[in-house]
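Those protein sequences? They're chains H and Z, same order as listed.
Going letter by letter, the first sequence gives residues 0 to 359 in numbering that gives the first Met the number 0.
Going letter by letter, the second sequence gives residues 0 to 330 in numbering that gives the first Met the number 0.
None of these hints come from the bench; they were simulated from the model.
Each hint should be verified, as a subset may be incorrect.
What the hints assert, rightly or not - If you want the footprint, here are the derived chain H segments under chain Z, 3+ residues with CB under 8 Å:
{"id": "1", "stretch": "46-52"}
{"id": "2", "stretch": "72-85"}
{"id": "3", "stretch": "90-102"}
Don't be surprised by glycine CBs; every beta carbon is placed ideally from N, CA and C.
Here is what each chain is made of, one letter per residue.
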Amino acid sequence: MANIELRGVEKKFGDVFAVKPLDLTIKDGEFIVLLGPSGCGKTTTLRMISGLEAVTVGQILLDGRDVTWLHPSERDIAFVFQFFALYSHMSARDNIAFPLQAAGMARHEVKERVAQVAALLRIDHILDRKPGALSGGDQQRVALARALVRRPAAFLMDEPLGALDAEFRETMRAEIKKLHLAQHATTVYVTHDQIEAMAMGDRIVIMSAAVVQQVGTPTEVYHNPANLFVARFIGSPGMNLVKAKVEPDGARLPGGGLAPISDRWRRALEGSGLEDGSVVLGFRPEAVQVHDGGALRAGVYADDLHGGYTMLHLELADGEIIHGRAARDAMNALGSAVRFDLDPDMMRFFNPETEMAILS
Amino acid sequence: MANVANAPRQKVVISTRVDKVSTGARVTSSVRAAIAVIVALIMLIPVAWMAMTAFKTRPDAVAVPPKVFFEPSFEGFVSLLTSRRQLTNDEIAVYQQRTDLGWADQIALIRGQAITGPSAFPRQLLNSLIISGVSTVFSVGFGVLSAYAFSRFPVPGKDDLLFFILSQRMLPPVVVTIPIFLMYRQVGLHDTHIGMVLLYTAFNLSFSVWLLKGFIDEIPREYEEAAMVDGYTRLQAFRRIVLPQATTGIAATTVFSLIFSWNEYAFALMLTSDAARTAPPSIPLVLGTGGIEWAAIAAGSLAFLIPVVIITFLLRKHLLRGVTFGAIRKG
Ligand SMILES: Nc1ncnc2c1ncn2[C@@H]1O[C@H](COP(=O)(O)OP(=O)(O)O)[C@@H](O)[C@H]1O
Ligand SMILES: [Mg+2]
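Chain Z with its partners taken away, still in its complex shape:
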């Protein structure tokens, strides 16, 4: 007897639907795959170009026609990560005699420069990591709690509250930069990590509540109810059942919030100057003296890109996986 009720839960390894296996269908799917690959490659060209530029010397970076094959150099990274001073011709001669120079010093010396210390960039990158990391933890953490409350409890004025939360997102952030700048200066939050964490958390929270509520709504109440009759408190049921079931939503929200606060430019420019300055407003400032340091800018952009790529890569399984709810079947 055809097991209709069980059918959707059985794994179909190879589709046997006529429209999936006919010659026409197979050609169509190959063409589609080819187009997808081509589009992906086109999208990757600027990124690849940036990565290449990061490893070029200054002449190679501005060569016309552009060089695809070149000898890799760490010049860009040295410019990005160090501060240097220009040497006089006499000094250059002295330096060239020295044998105690490290490889970075030697690269600097090619351009007649001596390294005087690390640049501000590593610290700015660290600031970016701290601020966006902590604000993401907060916005996802508070987001999942309030999304759960909105999803499960008869919160008074629920719809109005939800709309109010969403409306926070409708305001273009740039509009409030000046008021926030003035307020932050008053209360001493200007150029502090706490100030930036607070701001990014506030901006991401509206989005994360809405996104997570959608995911939590999809988790059947019976899951927690089963846990509660089985002897768990609601909070325990939330931790043991709801959180694992919401992994996909949490992963997606994490990536979105992280990318927002990681990329945020306008507020970072206005509200930070030194102690809490993040990477985005700093990268364009690596312009260098005498000529634009394309390699350094590309190196900065590359360094800036990598953390997001790593996080997205780590969470890719959850991001790609559709929301599956296993054994509960809707009747």
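Pulled out of the complex, with its shape left as it was, chain H reads as follows:
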């Protein structure tokens, strides 16, 4: 197992940046998720770590060893491709054994290792089939087995669940997580699905437009997004973001309501040098507390029953829609007026100019 260090790594295709200078240290045994919308440079980053793509500038270190210019075959890294890349002319067994044969391993040992990993992934019964005859989930397992069998220093996985049905995806997500817990192998996992990222990552690297927006644990990126992009991107729905004005008594919402601010935030906002007190106020749906005595007003625009809770779509006086979580049995007629408060501890503030979070 190994730690991976990227130092000022960047990639340009022609004049276009696919990845802007990126610094990242991945600890031994860590499960890192690269998360971001399509085209933001996740695959390119992974390919640079594997050596399939040369860096334009920067250094890549594996366990302190500079591998920037080593051939992929010399890096001892396994790659699980987005569409599996199983060899259709070989049986599942030969696919799995393929990496071991590169190392010239003895036949009986190859057999043993393939049997072990097949048992681990419960694919013993399909080893003699060709990939074309396997279901998506089994193809995925074979691809994982091919990566695991070598016991590489690190795993790179590029949207490994993207090609699966929703049904399989849940199962495989749990399986990959469990495999990681059992093996404790350094893993870099790429996805554009924030739910998957939150569920799997020890830490999440959020990218957008070739730039890393934030690196943090799922809790950190959820509760303390570094900027407006992360605030919107993480969570479903994302963080509520409304233009507000900081006043001595609290934050004035569009349409007039005044939400009290904790002392901690008041000090932070005073020190942030905002002109005329304009901020973007962010709060998660669970910060909304609907009750009759609330200081803020809104109209019920829609409500979605989610089984365990109700997601209220509330229309503020200026027409802006925010999302709030309410109890499952809360009865709110459409169009009716409700009152609510915001949990002061769960309020976040962003600089409207720079779009960066104001830190407390």
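Keeping the supplied structure of chain H fixed, place chain Z with the ligands upon it in accordance with the hints.
The following block gives chain Z with the ligands in isolation, referenced to the frame of chain H:
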């Protein structure tokens, strides 16, 4: 839940689409099959006729009306494969007394001839086999290497180079027969196997690069990339992964190149005379003395046809099979 993502990879043994099982559709498909069979039969008539003629005696071959039923004879093959001399009447009488004659000698004797040795045809057929076989191996071998390079690497001036290669094919070969003839005589390649192999390889290469590039473009790069991260060099990945995946393309290219060099007539006529003479320019020369030896010509054509049929038959699976890329799914 409908497994939409998996659907195309599941084998559909019997189509259940309405437009495939309705009575009308079934009648249509039967009619289509019948037409296909009829067309195939019509196409096969000349070939069948040739095969029959090859086994006819000289009178049967030119009989009017043509004979469909006849007593098979190896006369044509004997004429094709041997050289003979005409016997005088006295000699014929002597020969008829002899008991040591083989069956071929007896066939020749019917026409008053004695076999003096093998003809040049077997050697010409062998020349054809060597020249077209070796040139096909070269043009497919070099073709697959350069197609791979064009497909995978940022070759400088790639498009211009590819067009240049293709443009080689646009030149009608006949136009350059004389210059090549003169050059070959100068450098001593005239009437040599090497000269013909070189020429056919050059002619087939442009075609094989283009054809194979199409097939290799279809093989996802991830295949080789997976092999490379798994510890293989690019060359190993090429051999273990790309070549097996390109089998269909290689088979098709092989058949095309083989047929071209096997059938090539104009250059063979100009550039070979004896040592490296191939079969195509020789078959019309089996005309024989006194009357056209139709049976011998048909026998020669049949012998000439068979190797191509065998190769095509052996590779038919690859030729017919669509290009399938198994587990990689395009998203
Ligand atoms: N081989 C390439 N040549 C040119 N541009 C590329 C190449 N590979 C990726 N790109 C570009 O780099 C950007 C990042 O791509 P990628 O890393 O695949 O994004 P992601 O995996 O996050 O969807 C995209 O704009 C893409 O078009
Ligand atoms: Mg990608």
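Hint numbers contradicted by this structure: none
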